[in-house]
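Participant: Spelled out from the first residue to the last, the chains are:
Number of protein chains: 2
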Amino acid sequence: MSRQPRSAQTRRALIRSAAQTFDEHGYPRAKLSAISAGAGVSTGALHFHFDTKAAVAAAVEEEAARTLHESARTVRHLTPDPLQALVDTTHVLARQLATDVVTRAGYRLNCQSAHRSGPDLRARWHVCVCELLDRAEEQNLLVPGLAAEESAAALVGATTGFEVLAREDAAWLTPSAVTGLWRSFLPILAGPGAPQTPEPSGPRTAPRGRPRAASALVR
Amino acid sequence: MSRQPRSAQTRRALIRSAAQTFDEHGYPRAKLSAISAGAGVSTGALHFHFDTKAAVAAAVEEEAARTLHESARTVRHLTPDPLQALVDTTHVLARQLATDVVTRAGYRLNCQSAHRSGPDLRARWHVCVCELLDRAEEQNLLVPGLAAEESAAALVGATTGFEVLAREDAAWLTPSAVTGLWRSFLPILAGPGAPQTPEPSGPRTAPRGRPRAASALVR
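Protein chains in written order, with the UniProt record's numbering: chain G, 1 to 219; chain L, 1 to 219.
Take the hints with a grain of salt, since some may be wrong.
Okay, derived cross-link-like pairs now, DSBU-like style, lysine-lysine, Cα gap no bigger than 35 Å in a straight line [as the list claims (entries may be wrong)]:
1. G/Lys31 <-> L/Lys31
2. G/Lys53 <-> G/Lys31
3. G/Lys53 <-> L/Lys31
These are computed hints drawn from the structure, not numbers from a lab.
All chains, please: the whole structure from these sequences, using the hints.
Facilitator: Structure follows, in structure tokens:
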């Protein structure tokens with residue numbers, strides 16, 4: 001069925017196994033032998049794809065970055081209102097962090113600058129938030145006089161914090177927690193010029209419990 | 001001059017040296033020999049105080065917890081308005097994270113649950129935020145109908161995120177960044193019942209640039 005070459009399949013399996021290993025044991029204790037065994041291949045096959053543990057970690061982070069990018073693009077495509085798109089993107093990302101081990105491990109590795117050689121996920125998220133707030137401002141959807149940069153920073157801080165806090169207590173990334181965050185934030189952002197008040201509980205069309213929710217949204 | 005016994009002085013020097021070593025190299029790469037050398041003592045002296053690297057890390061976290069507790073108590077003592085006390089506490093903590101290596105390393109270690117054996121600093125901070133919001137609610141200082149628990153979670157998320165983001169870019173913990181956070185948050189919280197609007201830029205009486213600002217406040 002699949003046209004994906006075997007080599008690409010193996011690489012994806014290694015990335016997933018690495019994410020599971022990093023997620024369970026942390027980067028310093030993760031062993032390359034456990035990563036290759038988890039992917040059902042030899043350590044030789046692992047070394048064909050990745051020179052070092054740092055290279056595997058960078059690949060996990062790149063995959064998490066790709067998921068972030070795809071999610072944001074898909075939500076924007078489906079949701080013309082930029083404030084609603086911002087709300088919906090946070091919900092989709094929270095669900096991916098909660099359910100997809102590659103996204104979760106990618107963000108966590110990305111937090112440990114000693115190991116990071118790939119993309120800066122939080123900086124990319126900050127850019128995404130600023131772009132959506134800029135579009136909202138152009139459409140006169142924001143509270144008049146709002147300091148959009150400060151609001152963007154507060155929101156990036158809060159979402160980053162929720163991700164970090166969820167490592168100890170998964171309740172920080174449940175739909176109700178993210179909805180609560182938006183019930184707090186939307187009154188700061190949404191002005192009287194909006195045709196309708198954004199819905200803090202996120203996307204209505206997304207099927208629940210699927211790891212790649214953003215991809216599912218466009219099917 | 002000091003009446004502190006030599007043993008307690010050595011222990012404090014070891015905690016500070018450990019914090020510097022963890023801050024610079026991360027926990028996994030930190031060597032006990034570097035920690036004892038940084039404190040100007042032998043590794044034997046280190047082992048007199050701490051059995052393992054995890055025990056040194058726990059002591060750094062305990063010291064950071066003590067600083068958090070003292071700061072919060074001092075600010076409350078000086079600031080009767082609970083919302084202003086909340087604002088001022090975040091400013092004092094941000095300055096401590098930016099300037100005091102023991103506080104910074106303590107929070108960072110505390111984020112890595114694999115190594116944590118001491119206090120949960122973020123849970124303690126959450127309790128502190130909830131207590132101050134409860135007091136504000138009792139005094140009718142909050143926006144009517146505010147979901148204080150959700151606001152507390154949003155604020156704990158944002159402050160946690162600022163701390164994590166500052167590891168890559170110190171600008172997240174500057175006074176102006178924390179002031180911007182409060183310019184975003186205060187309109188959510190502060191209701192018309194307040195005798196005066198809280199000041200987002202934090203405490204007026206704190207001398208700048210001192211590592212232990214909370215202690216300085218009471219002098």
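Participant: Compare the structure with each hint and give your call.
Facilitator: Hints, verified against the model:
no., hint, verdict
1, G/Lys31 <-> L/Lys31, "holds (21 Å)"
2, G/Lys53 <-> G/Lys31, "holds (8 Å)"
3, G/Lys53 <-> L/Lys31, "holds (21 Å)"
Checked against the numbered hints given earlier, this structure breaks none of them.
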